[in-house]
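Chains as they are written, first to last, in my numbering: chain X, 1 to 201; chain W, 1 to 201.
What the hints contain is simulated information worked out from the structure, not anything from laboratory work.
Remember, predicted model here, so these are calculated numbers, not experimental data.
Wrong hints could be hidden among the right ones.
[Said to hold, decoys possible] Pairs of lysine-lysine residues, derived as DSS-like cross-links and limited to a Cα-Cα distance of at most 30 Å, are as follows:
hint	chain 1	residue 1	chain 2	residue 2
1	W	K76	W	K29
2	W	K157	W	K97
3	W	K97	W	K131
4	X	K131	X	K29
5	W	K29	W	K115
6	W	K157	W	K76
7	X	K131	W	K97
8	X	K115	W	K76
9	W	K29	W	K97
10	X	K157	W	K131
11	W	K131	X	K76
12	X	K157	X	K76
13	X	K29	X	K97
14	W	K29	X	K29
15	X	K76	X	K29
16	X	K131	W	K131
17	X	K76	X	K115
18	X	K76	X	K131
19	W	K131	W	K76
20	W	K76	X	K97
21	X	K131	X	K115
22	W	K97	X	K115
23	W	K76	W	K115
24	X	K115	X	K29
25	X	K131	X	K97
26	W	K115	X	K115
27	W	K131	W	K157
28	X	K97	W	K97
29	X	K115	W	K157
30	W	K29	X	K157
There are 2 protein chains.
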Amino acid sequence: MKFKGVYYICLFFLIGSFETSIGVDDTSKPDPLDGVATARWLVSQNNWGVLSTISIELGGAPFGNVVSFSDGLPDKGCGIPYFYLTTLDPTARNTLKDERASLTLSESPIGSCGKADPENPTCAKLTLTGKLTLVTENTTEAEFAASALFSKHAEMKGNDQNHNILLLSSLFALLRTLILSTIFYLQHLFNEIKNIIATMK
Amino acid sequence: MKFKGVYYICLFFLIGSFETSIGVDDTSKPDPLDGVATARWLVSQNNWGVLSTISIELGGAPFGNVVSFSDGLPDKGCGIPYFYLTTLDPTARNTLKDERASLTLSESPIGSCGKADPENPTCAKLTLTGKLTLVTENTTEAEFAASALFSKHAEMKGNDQNHNILLLSSLFALLRTLILSTIFYLQHLFNEIKNIIATMK
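Pulled out of the complex, with its shape left as it was, chain X reads as follows (with noise of 0.2 Å):
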């Protein structure tokens, strides 16, 4: 059995206002006045958020779709999201037509916002923009990917052999592409998104 497209990719954000070292403790929320940190966290904490690219069927409208990701082992996340898709899905083929695309996350998931509301500031929100670029395959970034998003979403490592999940969908079946990413963050974004969208606590 073929599959459409099988590509590795890589999103590439330069996050180039992280002062921060690569290699986040994630297990403790930081400083809400620390941004950078803040968003560190929220990208190591958070499995799962909204993968926004131009939609080639909708003749460029913009289409998010929600998406598993993972940016390194437990606790030991370093700030660069990877994504496990299939061209089968809309997200990856806009990808590959046109690169652009945001990762899009909310505290709220965390558990950590208590009763504030997902749009109070006080709940973290962060907008991820860059590029999503196919990550090479057989490579140690390929490998280290690979073990980030296993280890979070272990459903995604059997997907072949897991027959009951075949039986469910056949989408999740042919997850067999994967779209690995690290992130090219653009300063001035990031400076809007930490002073508008990303309010932290």
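Based on these hints, arrange chain W on the given structure of chain X.
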């Protein structure tokens, strides 16, 4: 004190393939094989999602933003998500330049996915696309939308008076602009979503 851009905005999604009548029972999860009912249930049960627009600042790149929304009073969802946004926020500014938008929801925050991965098709996902449009002030729809929003997001109602929130962040305090939405839903897209993206239990 004056605020930039005070608008009532309405996003219309025409959900052409919806066979159920307006008004869903959002207290119990529908049969997962009924994609339409499950989509309505997801809209009704979630109180936040990611609204993606075409970014002005980023030259047409997609930009997703965490937003709170409501489609009606609790247990009386109408299937039409309403938003309370401000043009101090890029999403609203983008919308006034290009009204194309998508709203992306996951079943994961509802808590009914169990241990399933958010990317597992047994954990429902939904992407609605359409046009984000200003709702006319002082109309029945504006009144309904405000009621829908404030019933599920009590913090929104008191923004002007809540000086504690004002102190926490100028952004949330300045949420005076009401973006209210219904959806012009593209049926061919809905069918695609039903088959590929929004795979339900």
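Hint by hint, here is what the structure shows:
no.	hint	verdict
1	W:K76 x W:K29	holds, 14 Å
2	W:K157 x W:K97	holds, 27 Å
3	W:K97 x W:K131	holds, 11 Å
4	X:K131 x X:K29	holds, 28 Å
5	W:K29 x W:K115	holds, 17 Å
6	W:K157 x W:K76	holds, 19 Å
7	X:K131 x W:K97	holds, 23 Å
8	X:K115 x W:K76	holds, 22 Å
9	W:K29 x W:K97	violated, 37 Å
10	X:K157 x W:K131	violated, 38 Å
11	W:K131 x X:K76	violated, 41 Å
12	X:K157 x X:K76	holds, 20 Å
13	X:K29 x X:K97	violated, 37 Å
14	W:K29 x X:K29	violated, 34 Å
15	X:K76 x X:K29	holds, 14 Å
16	X:K131 x W:K131	holds, 25 Å
17	X:K76 x X:K115	holds, 28 Å
18	X:K76 x X:K131	holds, 24 Å
19	W:K131 x W:K76	holds, 23 Å
20	W:K76 x X:K97	violated, 41 Å
21	X:K131 x X:K115	violated, 35 Å
22	W:K97 x X:K115	violated, 34 Å
23	W:K76 x W:K115	holds, 28 Å
24	X:K115 x X:K29	holds, 17 Å
25	X:K131 x X:K97	holds, 11 Å
26	W:K115 x X:K115	holds, 23 Å
27	W:K131 x W:K157	holds, 25 Å
28	X:K97 x W:K97	holds, 24 Å
29	X:K115 x W:K157	holds, 16 Å
30	W:K29 x X:K157	holds, 29 Å
Checked against the numbered hints above, the structure breaks hints 9, 10, 11, 13, 14, 20, 21, 22 and satisfies the rest.
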